[in-house]
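Chemist: Below, each chain spelled out in residue letters.
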Amino acid sequence: MGSPSGIQPVYKASLEMLNLKTLNSLEMLNSLATLVKTHFPAAAVSAHCDGPCGVYDPASARVTAEAVLSMTKKILALVPPAAGDVAAQVAYQNTMSRYVAVKEEQAQKTKEDLLILWTDYFKPVHLEKYPDLHDTFWKAAKLCSACKVEVSLQHAEELMAAVENIHTIFWATKEREVAFVKAS
Amino acid sequence: MIMRAEDDRSQNLPVPELTLWHFLSWCLGRRSRLRVVNRSMLPVLQPGDEVLIDPRAYGDCLPQVGDRVVALHPHQPGLRIIKCIAAVRDSECFLVGENPAQSSDSRSFGWVQVDLLQGKVVCRFGRGQV
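Heads up: the protein sequence lines correspond to chains D and F, in order. Quick note: the first sequence uses the working numbering, first residue 1, plus one each step. Quick note: the second sequence uses the working numbering, first residue 185, plus one each step.
Calculated directly from the structure, the hints in this document are not laboratory data. Watch out, some of these pointers could steer you wrong.
Said to hold, decoys possible - In the DSS-like style, the derived pairs of lysine-lysine whose C-alpha atoms are separated by at most 27 Å in a straight line are:
| no. | chain 1 | residue 1 | chain 2 | residue 2 |
| --- | --- | --- | --- | --- |
| 1 | D | K73 | D | K182 |
| 2 | D | K148 | D | K129 |
| 3 | D | K142 | D | K74 |
| 4 | F | K304 | D | K129 |
| 5 | D | K109 | F | K304 |
These numbers were taken from a predicted model, which means no experiment stands behind them.
Work out the full structure, taking the sequences as your base and the hints as a guide.
Modeler: Next up, the structure:
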């Protein structure tokens, strides 16, 4: 249906004016909102992510647990010097102290890495699939403590096995197969 | 019955711009203004962006797949989170971030009760970060 001549241009001009007004109103509205926002920030709502990077990996626990096992073996293999050899005694004490210090430190790091995985990465949905998850982490953390307190090859090896088990569960939750590769 | 979004997100559609209606509704206390922190809603919402939510949106109707919502975190009391609804079943929603690589959401904390929804995001408030 055609429009009488003269009406269409008027209608078009009115529409353009209306659009312009609408555009100006929205611009003003946005400027006003931006002003409010700048001077009176609203309460926060979190676009939530657990970590700033969201990166978790049991590899760090594997490296430190391996260091615990290595230090335990070195301590057990360190032969004490003869009683009268003072210089050798000093060297022995120094080396032993260093081995013990590293074992202590690495066992603590292993425990911290495991606790981060346990409390931050693993969630209730994982627990449904792995009902013994809490027990697994609790025992692994206890093994870290045992490796600090003792010089036990058995416990150091059990710690490695526990970390490997956690590694397997972790990557299963991500539906990925990642080999447990040891550095030593 | 479960309704599910095809790609589990609202396909990164932009949040509508502020309108006079929502602005007036906010002035009358019928909309709440919130500021986004963290990065799970990138690229749609950046940290510092503000949005208006309609707290009464789900009084008469059910949440829909694709809605962006503010909810209380099911395991961290008092923490308000902003996510998209990827699926709805009975009285629960599956919430996901726009940015799955940096989002802690229903993939980790599970389905969220509709009771925990605090409102539906209806528009931005002011311009985004430049």
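Chemist: List in ascending order the numbers of the hints, as given earlier, that are violated by the structure.
Modeler: 2, 4, 5
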